[in-house]
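There are 2 protein chains.
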Amino acid sequence: MHLKTSIKAIEYYLPPFVEVGSDLVADNPEWRIKDIESKTGILQRHISTTETSVDMGFFAARKILKKYDNADDIDLLILVTQSPLYVLPTSACILQDKLGLKTTCMAFDVNLGCSGFVYALAMCSSLIEAGVASQGLIVCSDTYTKYIESSDRTCRPIFSDGAAATLVVSDVFGSIGPFDLGTDGSGFDKLIVKSATKSNNLINSKLHMNGSAVFMFTMNMVPKSINKLLIKEGIMLTDVDAFIFHQASKLVLDNLIRRLELPKNKVLVNYHKVGNTVSASIPIALKQASDEGKIKEGNTIMLSGFGVGLSWGSCLIKFGQKI
Amino acid sequence: MHLKTSIKAIEYYLPPFVEVGSDLVADNPEWRIKDIESKTGILQRHISTTETSVDMGFFAARKILKKYDNADDIDLLILVTQSPLYVLPTSACILQDKLGLKTTCMAFDVNLGCSGFVYALAMCSSLIEAGVASQGLIVCSDTYTKYIESSDRTCRPIFSDGAAATLVVSDVFGSIGPFDLGTDGSGFDKLIVKSATKSNNLINSKLHMNGSAVFMFTMNMVPKSINKLLIKEGIMLTDVDAFIFHQASKLVLDNLIRRLELPKNKVLVNYHKVGNTVSASIPIALKQASDEGKIKEGNTIMLSGFGVGLSWGSCLIKFGQKI
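For the record, the sequence lines run as chains Z and F. Everything in the first sequence is counted per numbering that gives the first Met the number 0, starting at 0 for the first residue and increasing by one. Everything in the second sequence is counted per numbering that gives the first Met the number 0, starting at 0 for the first residue and increasing by one.
Since the hints were made in silico from the structure, they are not lab data. Keep in mind that the hints are not guaranteed to be accurate.
[Stated by the list, open to error] Taking lysine-lysine pairs in the DSSO-like style, the calculated list, with each CA pair at most 30 angstroms apart, reads:
| no. | chain 1 | residue 1 | chain 2 | residue 2 |
| --- | --- | --- | --- | --- |
| 1 | Z | Lys231 | F | Lys97 |
| 2 | Z | Lys227 | F | Lys101 |
| 3 | Z | Lys97 | F | Lys223 |
| 4 | F | Lys223 | Z | Lys101 |
| 5 | F | Lys101 | F | Lys62 |
| 6 | Z | Lys249 | Z | Lys33 |
| 7 | F | Lys231 | F | Lys193 |
| 8 | Z | Lys223 | F | Lys97 |
| 9 | Z | Lys263 | Z | Lys321 |
| 10 | F | Lys205 | F | Lys321 |
Generate coordinates for the entire structure from the input sequences, incorporating the hints supplied.
Right under this line is the structure:
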C-alpha cells in the first residue's frame with residue numbers, strides 16, 4: 000500500500016578529506032589503478048578523520064533542523080548505522096541529545112547496511128501511518144573506511160564515509176511505498192566485520208567482502224525485487240521516471256541496467272565522486288538528483304538497496320514537494 | 000491509537016547455568032550478599048555459557064515455529080539486542096537463516112536495552128498495521144553477563160542472560176497501544192559498554208552502570224509515562240488489570256509501586272528467579288504471568304521498560320487469546 004507520508008527534505012554530509020587513486024597507489028604500488036577505476040567507476044572516496052558516525056549524522060541533520068526549525072516537531076529518530084560509538088547505549092540517543100530533540104522522541108539504532116535506508120523508510124512511514132509518531136528523521140551514517148585494511152583491493156577502492164538525514168512527514172501529495180524487503184542470512188559472512196561481543200576477547204576486526212558472492216546475490220535478487228514491486232503497483236518499467244540504486248559500483252549498476260534493460264538516462268548515479276557510502280548512498284543520490292533538477296515532485300522513483308546481511312529493500316516513492 | 004494487532008504467542012529461553020549468592024561470594028568474600036539480595040530481590044541469575052544471543056533467540060523462537068508451524072507466514076523479524084555476534088552484518092540475518100524463515104522476510108537488529116521490547120512492539124505493530132508486513136516475530140536476546148566484571152557489585156547481582164520470542168499478528172480482538180516512548184540521551188554514559196568502533200584500537204570494554212543516576216531517571220520518567228498513557232487512553236489507574244514493568248530490581252519496582260500508589264497484587268514480578276534480562280524481561284514476565292493464570296485475554300495490561308539510552312517505553316496491550 001502507499002503510506003500517506005512523504006520525504007520532505009534530505010541533507011547530507013561528506014567528510015572533506017578525500018582519497019583519490021594516487022593515494023591508493025602510494026600505499027599499494029602494485030595496484031593497476033586505472034583498471035580498478037574503470038571497473039568501479041569510483042574516482043574518489045570521502046574519509047572521516049575526526050568525525051564519528053554520530054558527528055556526521057549530526058552535521059547532516061542539523062541542516063534540516065536549521066531550515067525548518069522543527070526540532071520540537073520530531074518525535075522519531077532512526078539512526079541506521081553499522082559504526083555505532085559504543086556497544087551500548089544505542090548511538091541514536093547520543094544524537095537525540097546532540098541535536099536538541101525533545102525527550103518525547105523515539106530514538107534507536109538499526110543495524111543495517113546498504114539496504115538500510117529503504118528499511119528505515121518502511122519503519123518510519125509505518126510508525127507515522129499508525130499514529131505512533133508524527134515526524135520522523137532517518138539518519139544514515141557510516142564510517143566503513145575505519146574497518147578497511149589499506150591493502151584491501153576489494154573494499155578500499157569502493158567504500159566511502161558519509162551521512163544523510165531524511166525528514167519524513169504525513170503528506171497526501173507524496174507517497175512512500177509499496178515495499179519489497181528481504182533477507183538471505185545464508186550469506187551473512189560474505190560482507191562482515193567480526194567482533195568479539197560474543198566473547199571476552201575483543202579483536203581488531205576488519206571488513207571482509209566476498210565481492211563475487213555479493214555481486215551474484217545482487218544480480219539474482221534485485222531485478223526480481225524491482226519486477227515484484229512493479230507488479231504490486233500495477234505499473235510498467237516505463238512508468239518509472241527514475242531509478243536510484245544503492246551506489247555499489249559501476250560494475251554492479253551497469254549490470255543491473257543491462258539485466259533490467261533500463262534506459263541509462265533514468266538511472267541516476269553519483270558513485271564517481273561520492274563512492275559507496277553504504278546506507279547513506281541512496282538518500283545522497285536522491286538529494287543530488289533533485290538539486291540537479293533530474294527528479295521532481297510527482298515523479299515515480301524506484302529505490303533499491305542491497306548488500307550486507309545479505310539483505311535487500313526496494314520501494315517506490317513520490318515527493319509531494321521539492322526536497 | 001490502538002493498532003489492530005495482538006501478541007499471539009510468547010516463548011522464552013533461559014540458560015540452564017545459574018549463579019546464586021554463594022557463587023558471587025566465592026569470588027567476592029567481602030560482599031554482604033544478604034544485604035544485596037534484600038535490596039535487589041534477585042536470588043539467582045541465568046548465565047549463558049556457550050550460548051550466544053542468536054542461539055538463545057533461536058531456542059526461544061523455535062518453540063513458536065514448532066507450535067504454529069508458521070515459519071513461512073513470518074515476514075518480519077526484529078532482533079532487539081545489545082550483544083550482536085558481529086559489528087556487521089545484523090545478527091537478525093543469521094537468525095532468519097537459522098530459523099528457516101523465508102527470504103521474503105524483513106530482518107534487522109535494533110540496538111536498545113530495557114525499553115527495547117516496547118519499542119519493538121511499536122515498530123512491529125505499525126509495520127503490520129501499515130500493510131508492510133503481515134506477521135512479525137520480535138526476538139529480545141542479550142548476554143549482558145559477558146560484559147560484567149566478576150567484582151562489579153552494581154551490575155553482577157542484577158543482570159541475567161535470556162531471550163524471548165514474541166509473535167505479533169493482525170487481530171481485531173486484542174490490541175497493542177497506545178504508546179509513550181522517549182529518550183534522554185544526556186544520560187547516555189550512565190549505562191554503557193564502550194567499544195572502539197570509532198577508532199582502530201578495540202578495547203575489551205566492560206559494562207558500567209551509574210546505579211543512582213539510572214534509578215533517578217526511572218523514578219522521574221516512568222510514573223509520568225504511565226500517567227500520560229492513562230490520559231491518552233482515557234482510563235484510570237484502577238482500570239488497568241496488571242502492570243508488567245521491566246524487571247530491573249526489587250528496589251526499583253518497590254519504589255515505582257510506592258510512587259504510583261499501585262496495589263502490589265497487580266504488579267507482576269519474576270525478578271527473584273529470572274533476574275534482570277534486559278529487553279527480554281517484559282515478555283518473559285508476560286508469559287510467566289499468563290502461564291500462572293495471573294493475566295488472561297481481554298485484560299488491560301500496562302507494560303513499561305526503561306534504562307540504557309537513557310530510554311523508556313510504555314504501552315497498553317490486550318491479548319486477543321491466551322498466549
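Taking the hints in turn, this is what the structure says about them:
no.: 1; hint: Z/Lys231 <-> F/Lys97; verdict: holds, 29 angstroms
no.: 2; hint: Z/Lys227 <-> F/Lys101; verdict: holds, 16 angstroms
no.: 3; hint: Z/Lys97 <-> F/Lys223; verdict: holds, 24 angstroms
no.: 4; hint: F/Lys223 <-> Z/Lys101; verdict: holds, 15 angstroms
no.: 5; hint: F/Lys101 <-> F/Lys62; verdict: holds, 17 angstroms
no.: 6; hint: Z/Lys249 <-> Z/Lys33; verdict: holds, 14 angstroms
no.: 7; hint: F/Lys231 <-> F/Lys193; verdict: violated, 37 angstroms
no.: 8; hint: Z/Lys223 <-> F/Lys97; verdict: holds, 24 angstroms
no.: 9; hint: Z/Lys263 <-> Z/Lys321; verdict: holds, 23 angstroms
no.: 10; hint: F/Lys205 <-> F/Lys321; verdict: violated, 40 angstroms
Hints 7, 10 from the earlier list are contradicted by this structure; the remaining hints agree with it.
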